[in-house]
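These protein sequence lines map, in sequence, to chains A and B. This note's numbering puts the first sequence at residues 10 to 424. This note's numbering puts the second sequence at residues 21 to 320.
A couple of the hints might just be wrong.
In silico lysine-lysine, DSS-like type, Cα no more than 25 Å apart, as pairs [to be verified]:
# : chain 1 : residue 1 : chain 2 : residue 2
1 : A       : Lys293    : B       : Lys313
2 : B       : Lys86     : A       : Lys290
3 : A       : Lys43     : A       : Lys192
4 : A       : Lys361    : A       : Lys423
5 : A       : Lys311    : A       : Lys402
6 : A       : Lys86     : A       : Lys97
To give an idea of the chain A side of the interface with chain B (calculated C-beta under 7 Å), a few residues [what the hints assert, rightly or not]:
#  : residue
7  : Lys192
8  : Arg194
9  : Asn201
10 : Asn210
11 : Lys258
12 : Leu262
13 : Asp269
FYI, nobody ran anything at the bench for these hints, they're computed from the structure. Yeah, the Cβ is synthetic: ideal placement off N, Cα and C, and Gly gets one too.
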Amino acid sequence: MGIDHKNLNSRYLELFTSALLVLTVLFPLSSEAKVEGDTITLGAAVSLTGKYATNGKHTKNGYDLGVKIVNERGGIKVAGKTYKFAIKYYDDESTPARGAQLAERLIKQDNIKFLLGPYGSGLTKAMAPITEKYKVPMVEANGASLSLFNNGYRYLFAILSTTEQYLQSAISLVATVSKNPEKVRIAGAFENDPFSQDIRNGVFDDAKRLGMKTVIDDKLPPDLNDMSATLTKVKALKPDLLVISGHAKGATLAIRQVSDMKVNVPMLALTHCDSADIIGKFGKAAEYVLCASQWDRSLAYKDAFFGSAENFAQGFEKSYGYAPPYQAAESAAALLVYKDAFERAATFDPSKVRDAIATTDMQTFYGNIKFDSSGKNIAKPMVLYQVQDGQYKVVAPTEWAASKLRWPTPPWHKR
Amino acid sequence: MWDNVSILIDAPIFLVDLLVNGILIGAIFVLAAYGMALVWGVMNIINVAQGEYVMMGGFVTLLVVKAGLHPLLGIPIAAGVLFITGWVLYRIILYRVVDRDIFISLLATFGISILLAQLFNQLFGADVQTIDAGLGTWYFMDGVVTVAVTKVIAFSLALGLGLGLWFFLKRSRIGQAIRATAQNARAARILGIDTHRVYAITYGLNAALCGAAGSLVVMAWAIHPYMGLPYTIRSFMVVIVAGLGNLPGVVLAGLGLGASENLAGFILGTEFQIAFVFILMIVVLIWRNRSLKRQRRYLK
Numbered sequence: 010m011g012i013d014h015k016n017l018n019s020r021y022l023e024l025f026t027s028a029l030l031v032l033t034v035l036f037p038l039s040s041e042a043k044v045e046g047d048t049i050t051l052g053a054a055v056s057l058t059g060k061y062a063t064n065g066k067h068t069k070n071g072y073d074l075g076v077k078i079v080n081e082r083g084g085i086k087v088a089g090k091t092y093k094f095a096i097k098y099y100d101d102e103s104t105p106a107r108g109a110q111l112a113e114r115l116i117k118q119d120n121i122k123f124l125l126g127p128y129g130s131g132l133t134k135a136m137a138p139i140t141e142k143y144k145v146p147m148v149e150a151n152g153a154s155l156s157l158f159n160n161g162y163r164y165l166f167a168i169l170s171t172t173e174q175y176l177q178s179a180i181s182l183v184a185t186v187s188k189n190p191e192k193v194r195i196a197g198a199f200e201n202d203p204f205s206q207d208i209r210n211g212v213f214d215d216a217k218r219l220g221m222k223t224v225i226d227d228k229l230p231p232d233l234n235d236m237s238a239t240l241t242k243v244k245a246l247k248p249d250l251l252v253i254s255g256h257a258k259g260a261t262l263a264i265r266q267v268s269d270m271k272v273n274v275p276m277l278a279l280t281h282c283d284s285a286d287i288i289g290k291f292g293k294a295a296e297y298v299l300c301a302s303q304w305d306r307s308l309a310y311k312d313a314f315f316g317s318a319e320n321f322a323q324g325f326e327k328s329y330g331y332a333p334p335y336q337a338a339e340s341a342a343a344l345l346v347y348k349d350a351f352e353r354a355a356t357f358d359p360s361k362v363r364d365a366i367a368t369t370d371m372q373t374f375y376g377n378i379k380f381d382s383s384g385k386n387i388a389k390p391m392v393l394y395q396v397q398d399g400q401y402k403v404v405a406p407t408e409w410a411a412s413k414l415r416w417p418t419p420p421w422h423k424r
Numbered sequence: 021m022w023d024n025v026s027i028l029i030d031a032p033i034f035l036v037d038l039l040v041n042g043i044l045i046g047a048i049f050v051l052a053a054y055g056m057a058l059v060w061g062v063m064n065i066i067n068v069a070q071g072e073y074v075m076m077g078g079f080v081t082l083l084v085v086k087a088g089l090h091p092l093l094g095i096p097i098a099a100g101v102l103f104i105t106g107w108v109l110y111r112i113i114l115y116r117v118v119d120r121d122i123f124i125s126l127l128a129t130f131g132i133s134i135l136l137a138q139l140f141n142q143l144f145g146a147d148v149q150t151i152d153a154g155l156g157t158w159y160f161m162d163g164v165v166t167v168a169v170t171k172v173i174a175f176s177l178a179l180g181l182g183l184g185l186w187f188f189l190k191r192s193r194i195g196q197a198i199r200a201t202a203q204n205a206r207a208a209r210i211l212g213i214d215t216h217r218v219y220a221i222t223y224g225l226n227a228a229l230c231g232a233a234g235s236l237v238v239m240a241w242a243i244h245p246y247m248g249l250p251y252t253i254r255s256f257m258v259v260i261v262a263g264l265g266n267l268p269g270v271v272l273a274g275l276g277l278g279a280s281e282n283l284a285g286f287i288l289g290t291e292f293q294i295a296f297v298f299i300l301m302i303v304v305l306i307w308r309n310r311s312l313k314r315q316r317r318y319l320k
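With the rest of the complex left out, here is chain A (with noise of 0.2 Å):
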């Protein structure tokens, strides 16, 4: 077989070329902070496509709001001259690998030096090792997961409350009306999956430290359709609490199992009780249930910016038409963070903002904002509702709730 060397050489070329790209890809030009004119770039890779497609539009929603409001508000003084927001979006398709590849690509090709976090944990924990790798910070407000904060990330920062906080504040208020928390019995089934076994562990520590016995701790498979068995035990061991998590399934399945089998406990607490829907679902059936949120627009929160809670809401709601869900609340409030970071640093330094970053001690009209070693906010507690005449009304934490606990739920035959 003789050789082809015409083939061979454009081979060769071929080669060469994809190596030139390659490396221009690798090391380009310049190599500043994406700061052009009077205009500060950041970068996002957002779920606009996919399962988390929703959720997505509301991260995205959020963060355009945030871009808005601080611009047209007298945008940002770094060293004193004023810079306006931009982002550079992409659609991460709601798969962790297409994520990663884009932080990658906004990092190397894009030229941006700071970034705004994904939706969800899945693919903040995907994009993470990136901008770690390329010591760009990163603030995210849609990756709750506690697994994100244990692996020294140096510039990953969440506004958010993590995952094991979700219900805690359900432990303290059982302990609260309670008087003898040492008496209280708890009982707690949740879904076989990090996101809600990290909520468990924060419950269950909890009711520990505070003396609590735990009487129930199932773990509900993931392709959970009937919780009766669980159920049965809540009838049969009467428990002060009943918490339960598994997505905006296990709510609904709670809710729907909770009424038909007239099952009688005098708190019961949830998660995703929104994104299930539980008031349009189940209406009076639904009352006097608990539901974990991280943000709600009736808080007493405020800031120079959105002002209060209320008038953010009011606000989203002139611009996209729907009421502002937790997730674009919180989206929005990133781009505070990083305004005050970048004025404080004044600089666009990467390693020098992450530093401000680091240091950031503020309220905003979402909750306040500080952040531990670790990246993760630690000023912000989540908040409690409880559906009450068929809305959800915040009732803990109780510095800044609207409204009272209806404690104990009466027994169905009652209600």
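Chain A is fixed; fit chain B onto it per the hints.
Using the frame of chain A, we list chain B on its own:
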């Protein structure tokens, strides 16, 4: 685990609650398993899309309720819509694979299941849906044993439809044609039975039974586009345990599966519920194999 057993020993009434609820869950599996047994026995197809038909039945009922009709009307409407769906799917896809190797039909029905799940995700979104039928709950023994009326309906429907199916197969002309085709498709064709029509009706009937089951699932539990697989697996297990062409066996196996699953969830904890069911299935298969061997030896 022993704590949980001691609850049942101290207060056996909870055992009643567990078993009653478990049996009523089993009724749903029975409905889906009838269809699977039928399709498997008559067409030699293991229908992997079984759970997706259950899901579709749920969404049809959801639409029925949105149109302002009573949720119970959803049961016959879902069954009707699903019969047509099954019939059409047979005419478009399954008639091409019905006489082929079982592996081909497995692939075909697997494809249908993926397609349906994605289609319903596009149409209705991935959200979890449920319907409040407003039928209430029966209490017994001071409210310790509670039975949702929807589940009672599911149970009676499972038994009633089983009986109806049995009569239909025994007495009606089509039923006789279905049985003839199941015994020997070629001979049935020679004797003038349009086997493709028989297959289409069988497959439509299967989908209709699943649709009725799905209609009950959306009232008693919750549905979403990706819920299919557990129902497919359960009906597969019920059919394997009961044996093909054994309708009373399907009823017993389905109800038993529901009850033992619930009991295992209570005693061992919900995380071991499914593992327990699979172990149970292996035990049943080993036991059946032994008893069959004994029969075979006897025949020699």
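(request) Have a go at the arginine 194 of chain A hint: is there a Cβ in chain B nearer than 7 Å to its own Cβ? (result) 13 Å, violated
(request) Decide if the proposed pair is consistent with the structure: lysine 86 of chain A and lysine 97 of chain A, CA atoms, cutoff 25 Å inclusive. (result) Holds. Lysine 86 of chain A to lysine 97 of chain A sits at ~21 Å (cutoff 25 Å).
(message) lysine 293 of chain A and lysine 313 of chain B were given as a pair; does the straight-line alpha-carbon distance stay at or below 25 Å?
(response) 58 Å, violated
(message) Does lysine 258 of chain A hold up as a contact with chain B if the rule is Cβ-Cβ below 7 Å?
(response) 5 Å, holds
(request) Below or equal to 25 Å on CA atoms is what counts here, so check lysine 43 of chain A against lysine 192 of chain A. (result) Cα-Cα ~58 Å, so violated.
(request) Would you mind confirming whether the straight-line C-alpha gap from lysine 361 of chain A to lysine 423 of chain A stays at or under 25 Å? (result) 61 Å, violated
(message) Next pair to validate is lysine 86 of chain B with lysine 290 of chain A; report whether the Cα-Cα distance is within 25 Å.
(response) Since the Cα atoms of lysine 86 of chain B and lysine 290 of chain A sit roughly 12 Å apart, the hinted pair holds (cutoff 25 Å).
(message) Just to be careful: measuring from the Cβ of lysine 192 of chain A to every Cβ in chain B, is the smallest value less than 7 Å?
(response) Interface hint status for lysine 192 of chain A: violated (19 Å vs cutoff 7 Å).
(request) Could you grab the alpha-carbon distance between lysine 311 of chain A and lysine 402 of chain A and see if it respects the 25 Å cut-off? (result) 19 Å, holds
(message) Let's test the interface hint: is any C-beta of chain B closer than 7 Å to that of aspartate 269 of chain A?
(response) Holds - the Cβ of aspartate 269 of chain A comes within 7 Å of chain B, reaching about 4 Å at its closest.
(message) A closest beta-carbon separation below 7 Å is what the hint needs, so does asparagine 201 of chain A meet it against chain B?
(response) Nearest chain B Cβ about 6 Å off; hint holds.
(message) Next item in the hint list is leucine 262 of chain A. Is there a CB on chain B closer than 7 Å to its CB?
(response) 5 Å, holds
Going through the hint list in order, the structure does not satisfy hints 1, 3, 4, 7, 8 and 10.
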